[in-house]
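With the hints as extra help, turn the sequences into a complete structure.
Chain residues, written in single-letter form:
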Amino acid sequence: MTLLKVENLTMRFGGLTAVDDLSFTANAGDITAIIGPNGAGKTTVFNCITGFYKPTRGRIGLGALDLAQMSGHTIAANARVARTFQNIRLFPRMTVLENLIVAQHNKLMRASGFTLAGLFGLPGYRQAEKAAVEKAKAWLDRIDLLGRADDEAGNLPYGAQRRLEIARAMCTDPVLLCLDEPAAGLNARESAELNRLLLDIRQRDGVSLLLIEHDMNVVMGISDHIVVLDYGKRIADGTPAEIRADPAVIRAYLGEPEGDAA
Amino acid sequence: MEYFLQQTINGITLGAVYGLIAIGYTMVYGIVGMINFAHGEIYMIGAFVAVIVFTLLGMMGVTWVPAAVLIVLVTSMLFTAAYGWAVERIAYRPLRGSFRLAPLISAIGMSIFLQNYVQLLQGARVKSIQPVVTGAIPLIETGHFQVAVTYIQILIIVLTVLLMIGFSLLITRTRFGRAQRACEQDQTMAALLGIDVDRTISMTFMIGAILAAVAGVMVTLYYGVVDFFIGFQAGLKAFAAAVLGGIGSLPGAMLGGFLIGLVEAYWSAYFSIEYKDIATFSILILVLIFRPTGLLGRPDVEKV
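Protein sequence lines correspond, in order, to chains H and L. Just so we're aligned, residue 1 is where the first sequence starts under the numbering used here, counting upward by one. Just so we're aligned, residue 1 is where the second sequence starts under the numbering used here, counting upward by one.
Possibly wrong hints are sitting among the right ones.
[To be verified] In silico SDA-like cross-links for lysine to any residue, where the CA-CA straight-line distance does not exceed 25 angstroms:
1) H:Lys137 / L:Thr174
2) H:Lys137 / L:Arg181
3) H:Lys135 / H:Met94
4) H:Lys135 / L:Leu170
5) H:Lys137 / L:Thr172
6) H:Lys130 / L:Leu170
7) H:Lys233 / H:Ala28
8) H:Lys54 / L:Phe99
9) H:Lys135 / L:Leu169
10) H:Lys135 / H:Leu197
11) H:Lys107 / H:Arg204
12) H:Lys54 / L:Val197
13) H:Lys130 / L:Ile165
[What the hints assert, rightly or not] Just a sample of chain L residues kept apart from chain H, beta carbon distances all over 12 angstroms, derived:
14) Val62
15) Val65
16) Gln119
17) Ile283
[Claimed, not checked] Sample of chain H residues at the chain L side, in silico, Cβ under 7 angstroms:
18) Gly72
19) His73
20) Phe91
21) Val102
22) Ala103
23) His105
24) Leu108
25) Thr172
Calculated directly from the structure, the hints in this document are not laboratory data. It should be emphasised that the depicted structure is a prediction, and the values quoted were computed from it without experimental measurement. Just so it is clear, CB atoms sit at the ideal spot from N, CA and C, and this is done for glycine as well.
Take a look at the structure:
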């Protein structure tokens, strides 16, 4: 079943066309990877999906919604799309636990009847708060950070910050999680852990993943479906095995010098 | 010694008022990175509402003091919250994302506008009310000098401390406080997590305005007089307090308020009352030169 349907997406910045008439789909329950050389327009696609940019043209369908027409907090609140960044964007001066609770803002807001019930500490709201803390702790357990719940997030080691960022995105209860280079800067062991975490998220939480990644071990290891971009256009689309064998891809991307293709 | 004690009491009272106003400066700076120069005017409007409502209550024959003070506080809070909301909506939000100086200039414009608006509506003359809360508790009596703390001073200090505690809990413990801090640290990320950033910023302006209203009401009770210009000076001093404590830091704003109040009281008592403002603003300048991050502020980390 199709979850995300990008149709004829075009994004121009002045004379530069970063994304050029791009169409692809991501199925529900799949891990879909977007790969391509630097400057291919991958992050621009993410920015269009998460409302940072308003596309010049095109539709980004998610169920009945068109993400291209939405912006700001409504994408997380109504469309339930969450995202992480290439450069980590935790709230560094909040505790690890608070980072996960703040991501449940909307749920708590509804439970608080938009402030009133919360103001008077009604039992329904207190219960919702307790549930939010429980959920945050369950996630900390899953990413092995339970012991550091009360530390400031900015003081965590790099790999832990990456895991926390993914957990925080998951705490918004997304249907689609967009990860922008989650393996960047991770060593081999950490990147293997990341693979396990992402597969676990798909299996246990039933969340579909959209992934930009340069680390081919991650991409080929966990993706169900790969979309290859070059100069803002889709040059290939298929399973990891198909992509590996695609001559256009090899030319544009994998054919670059050996090693880390980034 | 007795004299010193008396001045300390006076200074803390004054400092409480500055602290309440300073919180508004520091919160707004924290979340939108601008100095809201119209904040002093919000305080002035709070004081005017207090004068008007006290007068109305007097005419209506409401003479029970606790009820009168409570009604005045609530009315003044509602009015200033509306003003705080409107100022942000009209003068600052359209300029968000514009160049850094734009909202600052807009804030100065808003400040001048509000002063003149009150002057036109209420007249330029000083307005006064009859003393509402009277009486004092004598603490120490020597032959020629009496140290006393008046009921109104007690009211100001107790109310301020309660508000500051409540406010700290609001920021550290509640859903709104978490959203507020999240927006302060990374607005785009906060929006991506589903937090309505515009709403959070509006709430911040309203809460700052409400605290300024309390300060306005307290000053009206304390001195009994207001005019359209009081917001300018109190605003500047509260701003000095916020900078002294470290702009962006909430405990800093409270500490800075009390320190500025004490400096002013001691300076007036031991040196010269005419030069008390010079003392206050010299502190502002010295802090800006030698410790720009203030007493409790953290060094500004470059945001990418």
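These are the hints, each one checked on the structure:
1. H:Lys137 / L:Thr174: Since the Cα atoms of Lys137 (chain H) and Thr174 (chain L) sit roughly 18 angstroms apart, the hinted pair holds (cutoff 25 angstroms).
2. H:Lys137 / L:Arg181: holds, 21 angstroms
3. H:Lys135 / H:Met94: holds, 17 angstroms
4. H:Lys135 / L:Leu170: Satisfied, since the Cα-Cα distance of roughly 22 angstroms is no more than 25 angstroms.
5. H:Lys137 / L:Thr172: holds, 19 angstroms
6. H:Lys130 / L:Leu170: holds, 17 angstroms
7. H:Lys233 / H:Ala28: holds, 23 angstroms
8. H:Lys54 / L:Phe99: holds, 22 angstroms
9. H:Lys135 / L:Leu169: holds, 23 angstroms
10. H:Lys135 / H:Leu197: Holds, because 17 angstroms separates the two Cα atoms, which is no more than 25 angstroms.
11. H:Lys107 / H:Arg204: The given pair, whose Cα atoms are some 21 angstroms apart, holds under the 25 angstroms limit.
12. H:Lys54 / L:Val197: Measuring from Cα to Cα gives roughly 19 angstroms; hence the hint holds.
13. H:Lys130 / L:Ile165: With Cα atoms ~23 angstroms apart, Lys130 (chain H) and Ile165 (chain L) stay inside 25 angstroms; holds.
14. Val62: holds, 27 angstroms
15. Val65: holds, 27 angstroms
16. Gln119: Check passes; 36 angstroms lies beyond 12 angstroms.
17. Ile283: It holds; Ile283 (chain L) is separated from chain H by about 27 angstroms at its closest Cβ, greater than 12 angstroms.
18. Gly72: holds, 5 angstroms
19. His73: holds, 5 angstroms
20. Phe91: holds, 5 angstroms
21. Val102: Constraint on Val102 (chain H) satisfied, holds at 4 angstroms.
22. Ala103: Ala103 (chain H) check passes; min Cβ-Cβ to chain L is 5 angstroms, inside 7 angstroms.
23. His105: The hint holds - His105 (chain H) has a Cβ within 7 angstroms of chain L, the shortest such distance being about 5 angstroms.
24. Leu108: holds, 5 angstroms
25. Thr172: Hint on Thr172 (chain H): holds, closest Cβ of chain L at ~6 angstroms, below 7 angstroms.
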